[in-house]
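Colleague: Take a look at the letters that make up each chain.
There are 4 protein chains.
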Amino acid sequence: MPINTGAEYIESLRGRNLRVFLLGERIEEPVDHPIVRPSINAVAATYDLANQQPELATATSSLSGRTVNRFLHVTESVDDVVLQNRMQRRLGQLTGTCFQRCVGMDAINALHSITFEIDRAHGTPYHQRLLSFVRRMQEENLVIGGAMTDVKGDRSKAPSQQSDADLFVRVVERREDGLVLRGAKAHQTGCLNSHWIIVMPGMRLGPADRDYAVSCALPVTQPGLTYIYGRQSCDTRSLEGGTMDAGNAMFSGQEAIIVFDDVFVPWDHVFLDGETEHAAPLVDRFASYHRRSYVCKTGLGDVLIGAAALVADYNGVATASHVKDKLVEMTHLNETLFAAGIAASHESRPTPSGNFQPDGLLANVCKHNVTRFPFEIARLAQDLAGGFVGTLPSEKDLANAETGPILRKYLKGRDGVRVEDRMRVLRLIENMTMGRNAVGYLTESLHGAGSPQAQRVQIARQSNLAEKKELAKRLAGVDGSAASRRD
Amino acid sequence: MPINTGAEYIESLRGRNLRVFLLGERIEEPVDHPIVRPSINAVAATYDLANQQPELATATSSLSGRTVNRFLHVTESVDDVVLQNRMQRRLGQLTGTCFQRCVGMDAINALHSITFEIDRAHGTPYHQRLLSFVRRMQEENLVIGGAMTDVKGDRSKAPSQQSDADLFVRVVERREDGLVLRGAKAHQTGCLNSHWIIVMPGMRLGPADRDYAVSCALPVTQPGLTYIYGRQSCDTRSLEGGTMDAGNAMFSGQEAIIVFDDVFVPWDHVFLDGETEHAAPLVDRFASYHRRSYVCKTGLGDVLIGAAALVADYNGVATASHVKDKLVEMTHLNETLFAAGIAASHESRPTPSGNFQPDGLLANVCKHNVTRFPFEIARLAQDLAGGFVGTLPSEKDLANAETGPILRKYLKGRDGVRVEDRMRVLRLIENMTMGRNAVGYLTESLHGAGSPQAQRVQIARQSNLAEKKELAKRLAGVDGSAASRRD
Amino acid sequence: MPINTGAEYIESLRGRNLRVFLLGERIEEPVDHPIVRPSINAVAATYDLANQQPELATATSSLSGRTVNRFLHVTESVDDVVLQNRMQRRLGQLTGTCFQRCVGMDAINALHSITFEIDRAHGTPYHQRLLSFVRRMQEENLVIGGAMTDVKGDRSKAPSQQSDADLFVRVVERREDGLVLRGAKAHQTGCLNSHWIIVMPGMRLGPADRDYAVSCALPVTQPGLTYIYGRQSCDTRSLEGGTMDAGNAMFSGQEAIIVFDDVFVPWDHVFLDGETEHAAPLVDRFASYHRRSYVCKTGLGDVLIGAAALVADYNGVATASHVKDKLVEMTHLNETLFAAGIAASHESRPTPSGNFQPDGLLANVCKHNVTRFPFEIARLAQDLAGGFVGTLPSEKDLANAETGPILRKYLKGRDGVRVEDRMRVLRLIENMTMGRNAVGYLTESLHGAGSPQAQRVQIARQSNLAEKKELAKRLAGVDGSAASRRD
Amino acid sequence: MPINTGAEYIESLRGRNLRVFLLGERIEEPVDHPIVRPSINAVAATYDLANQQPELATATSSLSGRTVNRFLHVTESVDDVVLQNRMQRRLGQLTGTCFQRCVGMDAINALHSITFEIDRAHGTPYHQRLLSFVRRMQEENLVIGGAMTDVKGDRSKAPSQQSDADLFVRVVERREDGLVLRGAKAHQTGCLNSHWIIVMPGMRLGPADRDYAVSCALPVTQPGLTYIYGRQSCDTRSLEGGTMDAGNAMFSGQEAIIVFDDVFVPWDHVFLDGETEHAAPLVDRFASYHRRSYVCKTGLGDVLIGAAALVADYNGVATASHVKDKLVEMTHLNETLFAAGIAASHESRPTPSGNFQPDGLLANVCKHNVTRFPFEIARLAQDLAGGFVGTLPSEKDLANAETGPILRKYLKGRDGVRVEDRMRVLRLIENMTMGRNAVGYLTESLHGAGSPQAQRVQIARQSNLAEKKELAKRLAGVDGSAASRRD
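Residue numbers (this note's numbering), protein chains in the order written: chain W, 293 to 779; chain U, 293 to 779; chain F, 293 to 779; chain B, 293 to 779.
Accuracy of the hints is not assured; some may be wrong.
What the hints assert, rightly or not - Stretches of chain W that chain F covers, calculated by requiring three or more beta carbons in the stretch to come under 8 Å of a beta carbon on chain F:
1) 500–508
2) 703–716
As the list claims (entries may be wrong) - Derived EDC-like pairs (lysine to aspartate or glutamate); straight-line CA-CA distance at most 16 Å:
3) Lys688(U) - Glu532(U)
4) Lys449(W) - Asp605(F)
5) Lys616(B) - Asp617(W)
Because the hints were derived from the structure by calculation, they are not lab data. Just so it is clear, the structure is predicted and the values come from calculations on it, not from any experiment. The beta-carbon is built from N, C-alpha and C at its ideal position, and this holds for glycine as well.
Model the full assembly from the supplied sequences, consistent with the hints where possible.
Modeller: Okay, here's the thing in structure tokens:
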């Protein structure tokens with residue numbers, strides 16, 4: 293029986309006895325941990341949306357012949373790629389954070405064409421293995437995480453040049469029944485909340501890096517895996533009780549380090565093993581998919597614009613011309629982000645394996661704008677919020693018998709607005725610009741799917757300067773070309 | 293026989309005896325005037341492209357049953373809208389300037405749905421008149437200009453409030469056989485190079501402005517029309533002989549004032565007459581089409597990026613990291629422009645009349661970025677060009693027997709580059725950033741299809757703040773809504 | 293005996309029995325509260341610097357004839373104003389946060405000239421009262437806080453128009469021996485860490501607002517005062533023990549709401565009472581002083597630039613061209629902030645009362661840049677930090693016997709760098725961009741000394757458009773003026 | 293008798309028989325050439341201002357004991373440096389262009405300290421020679437040009453590595469009575485309008501570049517010199533007659549190539565000859581002076597802001613909130629430019645030779661902002677101007693009997709504004725953003741005194757990252773430093 297609802301999904305995570313550390317302690321049951329739970333809720337929203345808006349969040353897979361969650365769907369048309377973006381924006385609007393399920397979606401789509409091409413070049417059986425794996429995921433409706441980013445050590449050195457060979461995940465043993473992995477992947481979005489993880493290399497590899505050229509799938513419960521939870525700004529507000537100071541009590545993102553302590557993976561879940569020349573194309577193709585997935589941040593932007601409009605209204609300044617103009621600017625920037633992402637999806641082209649790949653240049657342009665504009669949107673949101681976004685007393689002060697009445701008197705905005713509501717909106721803006729979900733809205737926007745410089749390298753590669761130079765030569769009349777005539 | 297080639301088009305403009313003034317003199321034959329000719333060449337390129345790349349620049353019209361120039365095509369699918377953008381970028385690349393034919397294309401597409409809706413509301417015969425008109429244009433393959441922007445007088449006042457009633461084009465007489473127009477339209481792109489002009493109102497109108505609510509088509513040769521040519525920076529370089537100092541000797545844009553001195557238009561070419569409440573929707577719908585048409589500027593951007601890359605190469609600094617980085621930035625900005633335009637086209641939706649209308653919000657976002665980024669791209673191009681973009685001697689100095697050898701010695705860049713070629717590329721950059729085509733690349737990018745504030749007003753209208761506020765309330769837990777629970 | 297060292301200062305705060313609430317509880321002794329203490333340490337640094345660099349942080353006052361802390365000095369020369377900025381930058385470098393003592397300094401300097409002018413106009417005794425007060429502060433070397441910003445209620449309404457008359461601090465009673473205040477001041481920087489507070493009005497007032505036109509000094513221990521502490525992002529990390537996760541364990545800012553529950557102030561500490569027309573000049577003059585005081589943020593910028601350079605070095609990428617370029621950009625922005633502040637100080641002019649007032653236009657320009665550039669500097673710092681700035685495990689995980697060795701292995705950067713040191717620098721960057729001192733570096737940079745729009749209003753007022761128009765007219769030859777001749 | 297008035301200055305330029313080429317022809321008398329004359333008028337303004345505002349534009353030189361034009365003054369105090377900036381801004385306001393006399397002023401000030409230091413190191417007699425030269429210039433009140441920028445050939449190569457040894461100006465012969473120069477200097481501001489020129493090297497030189505390490509003074513009439521005039525956008529409008537279309541008919545900048553065809557310079561005018569290690573300090577010191585001299589552009593900014601305010605007023609939209617806000621933004625940017633320049637001057641420090649040198653870091657920051665903000669100010673000016681800035685008919689059309697009345701009717705703005713005046717302001721904005729003075733306001737702002745990357749290199753050198761890293765380490769507690777303690 294596949295998982296159907298968000299509630300069923302949450303239950304599916306219980307009792308897995310994962311080895312998870314958070315704030316210096318091993319935690320028994322992540323599902324019940326107040327810091328972890330909001331991140332699980334965010335993934336659960338991907339299940340609930342599939343029931344609420346199936347035209348948006350499900351698709352019919354020709355692979356399994358089933359209606360499947362769109363996050364598990366291999367794209368079969370341009371519309372499939374476009375609909376991913378629409379679903380992502382909607383989930384961003386509904387959760388105000390990272391819902392963590394895109395990496396797996398983008399990984400199976402990147403591997404679909406790459407395994408096909410490796411097989412064609414090397415006669416390997418990767419593509420069929422991948423299809424079997426995806427079919428199973430679809431049948432059970434599971435969450436797939438994607439593990440790409442290595443801890444990297446000295447970033448000026450290749451994997452095989454590091455002083456410790458384990459600083460990139462590598463194959464330390466190849467057995468008859470499978471291979472053995474060692475190393476660690478960092479910044480692993482939603483890894484605890486996944487059922488399976490797909491490992492991929494994270495950079496261009498040379499012949500000396502053969503043991504680092506590995507891609508495979510494994511359950512998160514596989515022996516030898518340890519998870520060390522990353523701190524987020526204001527994470528412990530989730531421990532305080534109450535729902536106001538968290539800003540967004542219900543939802544958050546999740547990132548952890550996954551440590552592979554000689555973890556076994558059977559061959560039928562291995563999709564790349566040593567074909568180093570395919571590492572770069574895999575990374576590029578995944579990146580094209582994933583960089584355009586950052587359209588999700590426009591959903592968060594919608595929330596933040598709404599919060600800024602709301603607080604301006606509560607403060608009594610909704611009609612001031614500079615306030616309206618700042619809301620326009622926020623919207624303009626947010627839609628500029630959306631435009632490049634949805635354009636990359638609309639401009640998808642079929643791959644030899646039959647799925648659809650978004651436009652690489654536009655996908656990089658989308659993500660590169662994402663590394664800039666949310667910071668400006670956040671600045672404008674704080675501007676509209678006013679100083680209380682940084683100086684507001686706690687909800688416990690509102691509950692306190694002595695200070696509560698004082699705050700209800702003095703934190704009043706315009707008539708008709710509840711002080712509590714004004715405080716809640718201020719806390720939401722804090723949450724997204726400095727607090728827990730600022731990690732997702734700002735830091736992840738910078739570094740997720742590759743740091744800004746990674747996009748610049750790709751934009752340079754795809755900018756086709758040679759052709760542009762010819763255009764210029766023609767019009768300038770260089771080399772006696774066309775335009776040297778006058779009529 | 294329809295016009296087929298660019299050369300035929302140019303011939304079609306001869307001998308029309310238009311009343312045209314330029315630099316204080318009436319000109320006999322615009323086709324042969326060195327200042328006018330480059331603008332005609334640019335329109336001619338729209339004919340030649342239809343022959344060279346018919347899949348891009350032609351379409352099959354269900355109206356006439358013919359293969360027609362895409363500029364005369366009423367869109368019948370989303371792809372039709374998208375292909376307009378691809379054609380526009382290509383023509384921008386080929387001409388490095390404004391090729392002037394978009395206004396007419398966008399006008400017939402906006403009128404297609406608006407006339408349909410007016411007829412439905414008022415029982416008027418406008419839609420069929422428009423279809424007949426378009427069919428004739430397709431059959432003869434003519435150029436349609438679009439006249440929207442009035443001279444406006446005091447911009448804080450409505451048409452009927454001006455101290456001179458003629459400061460917006462208006463109907464001064466309604467006869468049995470047609471109506472009579474008086475007034476002037478400014479900034480009329482390519483009007484001299486058109487065969488017909490479609491007049492449209494340029495702003496929201498109230499009941500008192502009834503005589504200003506007029507749309508109709510008339511030939512540019514109609515008695516009573518006078519054209520006063522607008523100056524462009526460096527326009528007279530086209531009079532100097534030579535091909536270098538013009539920067540782009542072959543192509544330029546064109547804008548003029550059209551004066552309507554009691555001009556008669558028969559009823560069968562009238563598409564709006566007094567239905568004031570439809571003026572605003574017509575302007576908005578035209579604007580959505582036309583603002584996304586500014587994707588053409590990415591073609592100009594391609595030329596300028598190419599020119600900047602070329603001059604860096606000629607200067608011997610093509611591999612400097614800051615040079616490469618600036619080219620990436622230029623490309624990133626240029627593709628961000630493209631993204632919003634092509635996204636608006638991809639997100640087109642059918643209208644009641646059956647053609648397709650681009651997404652209004654994204655179209656405005658496209659144009660609004662166009663009012664900003666070309667200025668930064670131009671700045672970076674001048675940066676890469678080096679100081680000679682502002683201090684280069686003339687081509688006559690290169691031709692001069694005394695100074696020619698000096699310049700050939702001292703204007704040398706890296707080995708293997710001809711001094712003349714280096715000068716030509718510098719002139720092209722000057723042309724696009726300060727010279728004749730800076731008017732098209734920069735000033736027109738600001739004000740064409742509406743000045744920046746016009747887009748901000750539209751973005752505000754379409755930003756759906758009410759829904760965004762609800763998203764924020766839900767996550768903040770305002771009004772005791774969903775997210776106040778913790779699990 | 294005046295307070296001399298930082299340690300003496302800290303002792304001076306003990307046992308005052310203030311009514312302070314923090315996180316819903318009244319706290320016994322703020323000095324010993326882990327959340328409060330870092331803010332006290334920051335003020336203490338202003339005492340220690342006076343001993344370590346007396347040429348920078350002290351001055352000889354002609355008022356008391358003593359060497360006094362510069363924060364208590366009434367400026368007697370342009371250099372005095374300039375040296376305030378140098379001291380502020382240095383303290384920003386030493387604390388990485390807001391050291392809270394500028395408001396008092398700027399308040400006594402603004403009141404110095406304003407009280408002089410009120411007395412001249414009204415025959416009041418305010419100026420001498422102020423001088424006596426300042427002399428006493430100098431003799432005892434006390435900390436003065438400044439209370440200007442009211443809670444404001446509906447921001448579209450004047451004080452006397454609010455539905456609750458107490459939403460701006462006001463005089464509710466005038467007795468023979470003094471007056472009685474009611475209301476609340478928000479965002480009160482360092483109020484708990486002060487010995488005295490100067491109350492000032494926060495906006496332009498009309499005749500109806502007479503009871504709101506009040507300025508006076510009172511000890512923070514005055515009966516009737518309640519302090520409700522503002523939350524800061526990550527404030528409770530200071531409660532966790534350890535020194536790493538706080539990012540900057542030693543120093544933080546402080547802002548609280550001060551509630552005036554019918555607080556008595558004797559007449560000899562009253563500096564304004566009802567002279568409404570002087571409220572706006574007082575606010576403007578204080579704002580000029582205080583907006584240029586935001587040069588302190590360049591000291592924080594120095595720390596953040598240093599942290600970004602350090603983490604790039606630890607990551608092994610210090611020589612990458614894009615890394616070096618980002619450090620240049622951060623420095624350029626930071627020095628642009630400094631430039632406008634120090635220029636405003638250098639351009640100070642004497643007031644009728646004899647102290648020196650910085651240039652108002654440049655002071656506003658300084659602050660307005662401060663509302664923008666730190667956000668971009670912060671973005672670049674996060675860019676250089678890499679993803680771990682948002683996903684780093686806690687210091688307790690480093691201390692844990694199971695996870696500690698894992699982290700020491702896998703969080704390694706380039707050879708020779710201690711994992712703990714790398715983590716510490718990442719936490720400092722988190723602290724300043726999302727954590728506790730982001731409130732001071734970002735939010736306070738937006739709203740402290742007036743939100744962005746307040747500066748725009750002032751810049752508009754001081755932009756002298758009339759004179760600029762005349763310059764343009766002359767060169768354009770408008771009205772037949774000079775330049776219509778050619779030689 | 294020294295030159296006193298602007299008119300006397302203009303007469304002093306007559307009959308010098310310079311070898312000048314412009315638009316392919318040798319010109320007889322530059323003074324009377326309509327293209328050249330506006331640039332001479334701009335220099336003349338520096339003489340007239342000395343009479344009109346002597347406190348601003350003159351100084352008392354301890355060298356000659358005379359009151360001298362400030363452009364010929366060696367700074368003797370911080371105020372002298374500051375007053376240069378005030379004079380520069382004023383002249384920018386009065387001319388709206390480059391008045392060309394700063395290079396010489398900055399050259400004598402840079403050489404003052406450098407020659408002193410070379411003499412101290414090498415026992416050379418350069419300093420006294422320079423003092424004698426300056427004294428003579430003061431006595432005769434002459435204009436000194438400064439020739440630094442070589443034509444450079446392949447910019448990736450040092451002077452001695454070029455395929456043609458003459459691509460940097462060099463000593464080709466050393467005779468008993470003097471040396472002989474060959475080569476060419478490009479972008480020579482105001483060279484024709486000068487009486488003397490000071491040659492300087494333009495970059496860091498190595499031991500192999502000894503013959504390129506030369507600085508000396510020579511009269512512009514020296515045999516062997518040829519001048520080839522640089523084209524400017526719209527330069528030939530000055531040939532058309534009329535005063536409107538030029539935009540600023542009275543004033544323009546001037547840049548030309550100076551060719552040195554074996555030009556003799558006697559030893560007593562040589563200030564550097566072969567001391568290659570002093571080339572870089574000379575360039576740096578000149579650059580510090582000259583980069584802060586770009587404060588002149590804020591004077592041009594004042595004109596452009598005034599023109600934009602004026603045109604908005606003429607269009608009837610002066611009170612629209614977005615219009616007012618754009619004027620604030622322009623002012624804010626313009627004053628930010630000013631701030632860094634004036635701050636660099638205020639922060640001047642004495643050199644060993646006794647004159648004062650502005651702060652290098654702030655001077656570079658000033659110039660770097662100048663490479664950015666004028667482009668944004670220009671964009672905003674075009675925004676406020678409206679579309680006519682790119683499409684306005686010519687003044688000959690206004691004079692024409694047929695079109696004149698039409699234009700007077702239809703180019704009307706708000707009531708009470710003369711059409712001619714509206715056109716004049718539009719032409720001034722065109723002049724500064726695309727026309728003749730756009731070269732000075734935009735292109736020269738980019739490349740004058742060094743292109744943007746040159747400032748970034750200097751900012752990197754002076755950013756003191758090592759100290760900033762220590763600040764970060766201390767607060768983060770790296771290496772167990774101070775802040776690891778909590779209280």
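Colleague: Each hint needs a verdict: does it hold in this structure or not?
Modeller: How the hints compare with the structure:
Closer than 8 Å: that is the beta-carbon criterion, and the segment 500–508 of chain W has 0 residues meeting it against chain F, so the requirement of 3 is violated. Closer than 8 Å: that is the beta-carbon criterion, and the segment 703–716 of chain W has 5 residues meeting it against chain F, so the requirement of 3 holds. Our distance criterion of 16 Å between C-alpha atoms is met by lysine 688(U) and glutamate 532(U), whose separation comes to about 10 Å. Proposed proximity of lysine 449(W) and aspartate 605(F) is supported: the alpha carbons are some 13 Å apart, at most 16 Å.
For the given pair, lysine 616(B) sits about 13 Å from aspartate 617(W) by alpha-carbon distance, which is consistent with the 16 Å threshold.
Violated hints amount to a single one, hint 1; each of the other numbered hints is respected by the structure.
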